[in-house]
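Please arrange chain B on chain A, whose structure you already have, making use of the hints.
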Amino acid sequence: MVHWSAEEKQLIASVWGKVSVEECGAEALARLLIVYPWTQRFFDNFGNLSSPTAIVGNPKVRAHGKKVLTSFGEAIKNLENLKATYSKLSELHCDKLHVDPENFRLLGDILIIVLAAHFGKDFTPSCQATWQKLVGVVAHALAHKYH
Amino acid sequence: MLTSEDKKLINQVWEKVSGCQEDVGSETLDRMFVTYPQTKTYFPHFDLHHGSDQIRIHGKKVVAALGNAVMNLDNLSQALSELSNLHAYNLRVDPTCSVLQLLAQCFQVVLAVHLGKDYTPETHSAIDKFLSAVAAVLAEKYR
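Protein chains in written order, with the UniProt record's numbering: chain A, 1 to 147; chain B, 1 to 143.
Since the hints were made in silico from the structure, they are not lab data. In this text, all values refer to a predicted model and were calculated from it rather than measured experimentally. Heads up, some of the hints might be wrong.
Simulated pairs of lysine-lysine, DSSO-like, Cα-Cα distance not exceeding 27 angstroms [said to hold, decoys possible]:
#1 A/Lys121 to B/Lys129
#2 A/Lys67 to A/Lys96
#3 B/Lys60 to A/Lys121
Across the chosen pairs, the derived CB separations fall in these ranges [said to hold, decoys possible]:
#4 B/Asp47 to A/Lys67: 41 to 51 angstroms
#5 A/Gly47 to B/Thr120: 20 to 30 angstroms
#6 B/Ala64 to A/Asp95: 48 to 58 angstroms
#7 A/Pro37 to B/Lys7: 27 to 37 angstroms
#8 B/Glu22 to A/Asp95: 47 to 57 angstroms
#9 A/Gly47 to B/Lys16: 26 to 36 angstroms
#10 A/Thr70 to B/Tyr89: 48 to 58 angstroms
#11 A/Lys18 to B/Lys60: 31 to 41 angstroms
#12 B/Thr120 to A/Lys67: 39 to 49 angstroms
#13 B/His49 to A/Ala63: 40 to 50 angstroms
Just so it is clear, CB atoms sit at the ideal spot from N, CA and C, and this is done for glycine as well.
Isolated chain A (complex conformation) (with noise of 0.2 angstroms):
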């Protein structure tokens, strides 16, 4: 089980408190199809992700990335209890969307990337190590099903 100092999670709770899932989902979701297309496979049926004007505009780019990081918003209330609250949709992932977990990882280096961007110099170090910490973890957890 993870060990989560007070101090992480008072650095996750106050990020979490200004962060816009609808807008900061879409973003990262986004920037995972532009950076890494190769991702691209898993949405053919997105429509059109020709360009990253498209990408960025795309609704259901937009909707799926807010769907994404509003399940992380449930980790952020389950620390404790990772494995068990992402067990489902580990097994999803694994049995029907064919997901190699290493793409967890991109999407949660990334969403780091969107963070410091918006939240700027108030995005310190040791913010950025807490919500490394927390993404690695919620991508172990995502994994953790997989057979």
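Showing chain B alone in chain A's frame:
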């Protein structure tokens, strides 16, 4: 592969950070040591406290080397040849556990902190590709 648009964006970013290279360098290393403590193992001889002179000087070196890479985007292998030898034969920084990727992530975070909205998805993509290319060249001579 870096397109001409990528190269343009990379040069634009470099212009924007040209005034604060030292800060960017030391902040990158600072973040790397805090976020990924295992990277400290390559600097047992350094004072790794926030704001240390050694971090500042080394950070400046790293950014200068990246700046040299930016000026030689069409010929990274040759431009980074000395550094590639250094990393392979002297420093022996583990290329497989993606240490250079961790440095790249922190560097991108620092750029995002400094550039905010100007760190657009297209810019992010170009810089990510550039840093991957640099890491690949640095690892070229390993075996």
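Hint-by-hint comparison with the structure:
| no. | hint | result |
| --- | --- | --- |
| 1 | A/Lys121 to B/Lys129 | 25 angstroms, holds |
| 2 | A/Lys67 to A/Lys96 | 17 angstroms, holds |
| 3 | B/Lys60 to A/Lys121 | 20 angstroms, holds |
| 4 | B/Asp47 to A/Lys67: 41 to 51 angstroms | 46 angstroms, holds |
| 5 | A/Gly47 to B/Thr120: 20 to 30 angstroms | 22 angstroms, holds |
| 6 | B/Ala64 to A/Asp95: 48 to 58 angstroms | 49 angstroms, holds |
| 7 | A/Pro37 to B/Lys7: 27 to 37 angstroms | 18 angstroms, violated |
| 8 | B/Glu22 to A/Asp95: 47 to 57 angstroms | 51 angstroms, holds |
| 9 | A/Gly47 to B/Lys16: 26 to 36 angstroms | 34 angstroms, holds |
| 10 | A/Thr70 to B/Tyr89: 48 to 58 angstroms | 49 angstroms, holds |
| 11 | A/Lys18 to B/Lys60: 31 to 41 angstroms | 33 angstroms, holds |
| 12 | B/Thr120 to A/Lys67: 39 to 49 angstroms | 24 angstroms, violated |
| 13 | B/His49 to A/Ala63: 40 to 50 angstroms | 46 angstroms, holds |
Violated hints for the displayed structure, listed by number in ascending order: 7 and 12.
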